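Let's have the full structure, built from the sequences with the hints guiding it.
One letter stands for each residue in the lines below.
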Amino acid sequence: MTPPIALEAPPGRRPVTRRPNGPVLPPPPTGGGDEPEREPSDGPPALDNLRLAILFLIGGESVFFAALIAALFVLRLGQPLWPPPFQPRLPVGVTGVNTLVLLASSVTMLIAVRALARGEEARAVRRLALTAGLGTLFLLVQGYEWVRLLGYGLTVSSGAYGGTFYTLIGAHGVHVFGALIWLGVTLVCASRGRYADGRTAPVRACAMFWHFVVGLWPILYVSVYLL
Amino acid sequence: MTSDTRNRQTLRVLLAIIGALMVAAFLVGIRW
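Chains as they are written, first to last, in the working numbering: chain E, 1 to 227; chain G, 1001 to 1032.
Simulated from the structure, these hints should not be mistaken for lab results. The structure presented is a predicted model; accordingly, all values stated were derived computationally and were not measured. Treat the hints with care, since some could be wrong.
[Stated by the list, open to error] A few chain E residues facing chain G, derived, Cβ under 7 Å:
1) A46
2) A66
3) A67
4) A70
[As the list claims (entries may be wrong)] Chain E residues, not near chain G, derived (Cβ > 10 Å throughout):
5) I69
6) V74
7) P84
8) S106
9) G162
10) G163
11) V174
12) G178
13) R192
14) Y221
15) V222
Backbone N, C-alpha and C fix where the C-beta goes; we use that ideal spot for every residue, glycine too.
Have a look at this one:
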């Protein structure tokens, strides 16, 4: 391949590089989501391809969970008593505190993204780590409660009560776990300075999914534990 | 048509589909 030819620039002007085999191609269309932040404008932020892709993912997940919650109510209405007699009660108090832990993780994620947008990378990494810690704590408490419930005899085969509980809460737990892996990768990349120079789109994508998983939990908590 | 405009149109279609599916799930849930 022939190297580009550097033309000598007139005094006071920058040198121009021209490719020998034709004009310079126009830059690729933007919208991939990984370009540096643009200047802030008055209108809403641009809906780039990455953000749209995450919204597609969240849309699919929303329909999935809506179907599971609908199944829960269909099965509940078919039962004369809920919870059925001789079945353990769900830990409402501990899970309520755990809900606050998960909601706090959404706040720390918000702070992390804002810190990264301002260029405070060290602060953003610390807040991302705190978010991951809160998410892990949520999963650990959930796992502990599951072990206790299994010890009390509530299994996935304990009729509609156990079946809907483990399916709904388990599906959410899997999503939190997946979001934690995503967050872990994002955290490692952030600590290595991958999101410097305003390239924060991957972090914003991760944050969108995290906020979705957190926002979903209170709906599940009310549907499964409180109603 | 810019990428932003095209993406917003796609998002509107997506939201319409999700809305319809959510309403359907709700109606099934209340045994319509």
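Notebook entry, point to check: Can you name, in rising order, the numbers of the hints this structure does not satisfy?
Noted result: Those not satisfied are hints 5 and 6.
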